[in-house]
Structure formats: structure tokens, C-alpha cells
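Chemist: Letter by letter, the chains look like this.
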Amino acid sequence: MTTLLGRTPSTAARAAPLRPEFRSGFAPLAGAAVLLTLAVALAVPAESWQGGWAETREHTHAAAVLLGIPLALAAGCRQGGRERRRGTGDLLETAVRGALPRFLASAVPVALWVAVGHLVAAGCALLATWYCATGDSPYVVVPLADSLLLGCAALGGQVVGRAVSWRLAAPVLATAGYAVLGFLSYDHDNAWSALSPLIGTSAGRVPVWWQPWVSVAWVGGLAAAAVLALTARRRALALVPLVCATAAAVLLVQSGGPTRPVPVAGRQVCDTSTTPQVCVNARYGKLLPQITGALSGLTGRLEGVDNLPVRFEDRAGRPRADEAELPMVVPLGWSVVRGRLTEPEQYAWEAGTALVGRAGCDGLDPAVARTDAAVEHYLAPSPQEKHFDELAAQGSPADRAELRAGQRARARLLGMAQDERRAWLSEYFATAGDCDPSGVPAL
Amino acid sequence: MTGRHAPDHLIAGYADGSLPDADAWSLEMHLESCASCAGRVSRAVRATAAGPVLADLREAVLADLGQAVLADFGRRAPAAAPPAPAVVPSPLRAPRLLWAVAPAVRGAWLPAVLLVALGAVLLAHAAGFSAARPLLLAVAPVVPVAGVALSYGRHADPLHELAASTPSAGLRLALVRTAVVLAVSLPLLTVAGAVVPSSGAPGAAAWLLPGLTLTLAALALGGRLGLRAATAVTGGGWLCAVLAPVLAAPDGAVSRHLSDQLSRYVGGGAAQGGWAAAAVLCAALLAARRTAYDRLERH
Amino acid sequence: MTTIQVAGLHVRHRRTVALDSLDLCFGRGVHGLLGPNGAGKTSLIRVLATVAAPTGGRVRMLGEDIADPRGRTEVRRRLGYLPQDFGYYPGFTVREFVAYMAWLKEVPAAQIPAAVERAVARVGLAERIDAKLRTLSGGMVRRVGIAQAVVNDPAVLLLDEPTAGLDPEQRVEFRELLRELGASATVLVSTHLVEDVAAACTEVTLIAGGRLAYRGTPEALTALGAASDGVGDHPIERGYTAALRAHREVAAR
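Protein chains in written order, with our numbering: chain A, 1 to 443; chain B, 444 to 742; chain C, 743 to 995.
No lab work stands behind these hints, which were simulated from the structure alone. Backbone N, C-alpha and C define an ideal beta-carbon position, used for all residues, glycine too. Take these hints with a grain of salt, some might be off.
Listed next, with one range per pair, are the computed distances between beta-carbon atoms [said to hold, decoys possible]:
| no. | chain 1 | residue 1 | chain 2 | residue 2 | range |
| --- | --- | --- | --- | --- | --- |
| 1 | B | A696 | A | A247 | 30 to 38 angstroms |
| 2 | C | E869 | A | V180 | 57 to 65 angstroms |
| 3 | C | R756 | A | V164 | 41 to 49 angstroms |
Anything over 10 angstroms on all C-beta distances counts as not near chain B; from chain A, calculated [said to hold, decoys possible]:
| no. | residue |
| --- | --- |
| 4 | L42 |
| 5 | A62 |
| 6 | R85 |
| 7 | R86 |
| 8 | V180 |
| 9 | R205 |
| 10 | V240 |
| 11 | V243 |
| 12 | T246 |
Construct the complete structure from the given sequences, taking the supplied hints into account.
Modeler: Here it is, written out as C-alpha cells:
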């Protein structure tokens, strides 16, 4: 018979006693739940952010704050109620280690796994954009700060779970968290809206470098104050993180959600070999070859024509006097999906319309409208043109007459000789954008 | 009942009606198999005030019946003589039986269903919330799944192990309880959806097929995973797929995104056809695995 | 005539083997089931109660094969089972609860009232028959469990730790009930309390490590204990430890 003393403890028994909490149990499940939810939330609208680093940042940040923080709160709350559910409270009260180490021993695994789950989801989103990125550079500070936010939220949720002995505490806390965050984030007129980690940014504006970290200090300070208030022997110690959190909150509210413009959004990448030149915003500069290719027919036909705008521009705001607006590439998911132009012919037609420039005129003379349509047809026909022509052919006699007149105009323009056409187009483009029909040459 | 024959004091008490019910029943059980005691009881009864009345009754009955019946009657104990035994009503009245048959309805689930239905109506009409119907359509399919989770299985029913050893155990019991859950939730939530204004969301009855499919899928999975895990997977999966992309929209137009999402999932003939096919598939799967419910849930 | 026949029964939970090729027969009478914790007693009772499916082997009860669903339902009508973790509805009265179990066991509706009264009287709770279950002590609740197990006059009665929580006087009455039941039915009692086994059982089965360790009468077990100096305070305890040791020596070889 072997005695207990005769056996030497194996190395496995000497391993960290806190490791089982990290390896199995609720913590990995919580991380997996966060990962799954964020993955679904990002995968369904994937067309609207894949390919653009700024859009990816917006979507992952919104998902992390609006979905990740409530989930982290609920996971922490459920873990906090564990002692009560399992009836181990009395046993643990007799332990020698203080309340704070005991709390952290059960809380840190959940916080860590939730943060890891978010990091993996954000990483997958970054990877999904990386292979079809159109320019700009990845924003990695925001996901890192968000992971810290989720960890702090899990710790705070655990405090609530310990204090409140109600079966429905976790879902109610998550719903309340979502309501508060949603209210703060979307109501931009509110003075307190800067307290939400999700401040109002856009594709061209990014938070200043210190905003994510001050947000972490704000949320983390609240969580640390709650933890210390629950477990520290000297409760007054909770005032220290509370003061830090208050300072961070004051800073956030005073600055009002500070953002700065992204330099790359103000620059353009140009192709000067065509007439007119094609300039694309530097945020998706890699699209320039595709756009130039889509517009190649149009620019080729405009070779040697005068009175054209110098270039197509793609900056924020109205174009200058000698420039035309490039058809919009953003928001992603419409003309550009995953770094490819979805409908090049449609895009070229929109560019032609921008050159003609009379889309905003009311009460246009029918002859001028017919001339415009003929020019658009020559430069880059719309993909729906055939469909509308068929509709007109089956319509009323007035429609059919209009169709015949339009077709005559088109044929006349196409039938001109090269030089004659160039001269005619130069004369035509002298009046482009002008709603007054008097100077427009007839066809 | 000890000994080979009933003691005299019991018989005397029985004859004049002073015997407690339990002992009276025990005595009657004994009388069914002991003729001599039966004779003693009838003699004791005839000696009481009821004797002459019983004698007349006996004459009348014998006069009506033939000799064969008389011979038969003579062998059996004249048990028509018990002095007004307390008529024991059936211990299991219908309300109690219904209470046991429908665990989900008697607990917190019914108030939750009413809350969802009334809440949607109030939100739409009193608070002017425009996304009330999409929200109702998003939450409604999960309600019967939650009801199923609360009505069967080892975590929901304390009698699960005992009931598993009875002839009534099996898929039939689970289906009866599921039918009760569906009968309560389907009309309530559909009527609430019809009352709420549409605002671009699919029709009020668009959630019926998805709800039925999710319930059948939870039952089919429950045979393998245990009903608690199966309902968590199906209900949680639906909520995640519908709500997660909507709630995390960076532009904040939650109601519009919710309507779009629901139109994609449950709106239109193709989507409903897909749900119907999935429901048939889940039902077939459940029928194939019906013996999984015959035993105790292991999880 | 054997009521229960078990041939090559094999039960596995995840990766541990609970019962390993067990062959047993039970006839009328009271059979005690003894063994260390984790030996497989509860697994055996669960398989015989048709609430758990065996991984291998065959079980025939009352002439029916319980692997067949129809046979299973037929056996369940004549079966009484009291599990170790006995769950109940606290709001039900004793009468309502036993009547509900009788209804579940498909006792004909007309016979239910009488059967309920009889079963509750047999366990000695006749004066508390209309009390709610939540007002009863643990031992009384256990007796209600025994009442529901006998309400349909079962031919096979399976009791898993039936005397847990009963005081000594109640245990004496319970043994009397067991003897009475064993006269007409096959009763299988799994217990740790060897005095109950000694007093009420006509046969003792010892299961250890998923295998059969000993089969015999209580007197033979006592004699074994006296002969091979087992450890224990009660003569049956000494027989128990002696039989276990012998079985483990055989298994180690």
C-alpha cells in the first residue's frame, strides 16, 4: 500500500492554480460569443466597408462599442453571480487571501477572453480589407483601445453580478448598457455625447491621438472604482480611480469629441495623360487605373477638344471653376465593392453627365435636352439607354416622335467627320453647365 | 390490515359509519377477497338502523333479477351497505392536470409574451415608435423557442427523471407541451403585429413560418444536445443574425436597417418558401430521431 | 420465474465505463444492491428503469425486451421507480402529486383515487395526504416518492437510496413495507445502509468497478465476513469489505 507521503508531487501539480479558469469554463465561451456576434455584425454589411480602411475603422469601432460593451457587461455579470449560483460563497469567505485577489482571479479570465475575442474579430476585419484595400493605411490604434474598453466593461459587469442577486441581471444590464451608449452616441446635439467612446467621426476625420486613451481612462476608471469599492479593505481607495475617471470625463466633455481631418483625405492622385485629367482622392488612390480605364473611351473621344474642364477632381466640397466633379466612389457598396468598380459603363456615363453639367437645370428646352442626350450618347452611353428606348418605342405617338428626333440627333453627331466633330464639341463645351439655351449649338 | 381477518372493532365502526376513511378503504379492500368477513359486515349492518331499508332493497332487486344473478349476487359481499362513505372526488381535477401539462404557461413565460405583445402595441401607438413592427417581428420567433425551453427537459422540469420512467414519456409529451406554447404565442403575437402599423416592414404573419421552423429545429437538436443548449443555439442564433448587424450600424438608422434586414430574411415569397422547406426538413429530422426523447436527458 | 434478465450489459458515460458486461437475473423478492460509490449501481438502476439506454447488451423485463419502444412502454406500466435525486412540484399536495404520477403511468382513471389513498396509507402519510409538498420534511417527501413508486402496484420496483433522510423508526416501518412488497413483486433496493440490507433483503448483489463482485444471501455474506476477518462494525459490513477485497484481488490478477 502506498502512502500519500511517499509520492512526490508531479510537475503538473505545481503548475499555476489559476490556469484552469483561463483554459476552460465560462471565460472562453464568453470570448467565443463576443467573437461570433461581432463577426455576424460585420459580415452581413461587408460590402459597405470592405476595401476602405476608414470605413473598416468606423464599422469595427461601432460594433465594438455598441455590441461588444453590452456583451462584455453581460458576460461579467454572469461570471459575477457564479459564487451565488454554485453556493461556494461561504467556503470562499473562509479563505486567507483578500477579497481583491479573489475577485481578480475570477474576473480577469473573462475580461481577457472578451478582449481577445474582439481582437480576433477586428483582426479578421482588417485582413478582409487588406487584400482589396484601395489606398490609405490601416488604423490599428482604435481596435487596441476598444479591446481595453471591453476588458474594463467585463470587470465592471462582474461587480454588478456580485452585488445584484437577480437571475435576469445580465440581460437587463446589457440592454441598459446598449440604451445608454446608443443614446449618447447618436444624439450629437447632446453635451454629454462626447462621453461615449463612439464619437462622431467620418471617413475624412479621425479622433485625435489622445481621445481613445482618455476614453479608456474614463471607462477603466469607473470599472476600477467599482471593483475597489466592492472588494478593497479600505473602501476610500476607490476614490483614486474615480478622480481619474472624472478628470478624463471632464476633458472629453470640454473638448466635445475632438477629431482632426485626415491628411490623406485632402490629397488627390492624378493621371495627367488624358483629356480631361482624372484625379482620384488619395484615400482610394489604387482605384485610379480602374477609373481611368472605365473613362478611357470618354477621354479618348475628347482628345483635341477645347473648352473642357482641366480635370475631374475628387475632393470634399464643390469643384473649382475649371474642374468637373468625378462621380462618387463612396459610400462603398454601391459603385465600388471590394475594390472593384461594379458597373464601369454606368460610371462613365455619370462622368459624361458631369461634363455636360446641365443636370440641375429646370425647364430645359427640348432641343437642348436632345443635344445633351446625343453628346452623352456619343461620349459614353448609359447602360439603361436601350431599355428606355424600347419603352419609348411602345409608348404614345409623342414619345415615338421624341425618340425619332433623339435618334436623328445622335446619328448626326456620329456621322460628322472627325475634325468637324471636334470643332462642334469645342463650341458645345463652351456653354456646358450653363442653363441658358441660347449659346448651345444645334444638331 | 393485519392478521387474517378484520378485527371486530373495525367492523362495528364501519357498520355505524364512525370509521375514518383510510381504514374504511383498507377494510373494503380486504372484504373483496374475504367472504367470511364480508358476511360479518353484512350481519353488523343489518343490525343497525339501515337494516330494514336494506332488506326491502334486497327483496326488490332479487325480485327483478333471475336465479343466475341471485346466485352470483349471493357470492359477492353486499357492498351496497357502506354507510354513506365520503365520496372521494377524483384527486386530479382538470385544472391541476392542465397545470402540470403546460409548465411554460404557468411560469414567467406567459407574462413575458404578454409584455412583448402589449409592449409593441404601446410603443407603436402611445410612444409613436416607428420601428415597432420590425422589432416585434425580430423578437417574435424566439418567444415559442423560449417557451419550449421552459416546459421540457431536466433543467426545466423537476419531474423529468420520474416522468421518463412512465409510459407517457417520450416525444409525445414534449410535443403536447410545445403545442400549448405555440397555441398561446402564435395568435397573441400575430394579432399584436397586425395592430401595429407597418412602416415598411413585412406583414404581421411573416414571423409564423420562421417561428415554427426555429421551434422544430430546437426540438430536433434537443435530442442530441439537450433542450436547454438546443434552444439557446436556435434562439440565440436567430437574434444574433437579425439584430447584431442592425444594432452595430455606425450611422444610427436602426429602424431602417431593421426593416431592411427583416425584409431580407422573412419578406417575400422566396424567403417564406425557404422557411417552409426548412420547417419540413426539421420535422422530418425530428421524426427520424423521435426515440431520443424516450430516455433521460443526459446533458 | 425470473422477472429481470440482464445479459452482457455495457454502459458507458463519455469515456468512462460504468458497467462492464454484467450478467444478472432477478426474480420475486427484495434484492439489495451494494457497492462503492461510482461502482455503477445508479447506472444499473437507471437502465432497468428504462430511463437510460445501455451502450451494449440486452435487458429483458417481464418478458419484454426494453430496447423495443413498444416493449418499453408495456414494461413502464408495471414499473415503479424512485430516483436518487427526487424532483417534485412544491405546490402540489401529496394526493395531487401521487395522482399525477398515477395518471402518467396510465393507471385507469376510475382506479386512481383508490390507488392513491392506498399507496399513501401504505407509507404512513395518510393524515398528511392533503398537505402541500413544500410543507413536508425531507423524510416525508422521500416517503411520498415511495408512494408514487407503488401507486400502480408495480411488478418491478426500483428504489435508489430510498431511506436517505428517514429517521430510524421510519426505516423500521420502511423495511416492513419492503418485505410486504417483496412478497408479490421484484424489488431492487440500492443503498449504502447495510443494516437495511440485512433486515429486509432476501438476496444481496455487490457491484464494484462496473462488475459483479458478489451474489448471495445476507446470511452468506455475514458468514463470509466472519470467515475472512473483514473490517467493519456490523457483521454485514465485515462481509461487505471481505467480498470487495476478494473481488479486487481477482480483478488485479
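Chemist: Any hints this thing doesn't respect? Which numbers, in order?
Modeler: When the structure is compared with the hints, numbers 3, 4, 5 turn out to be violated.
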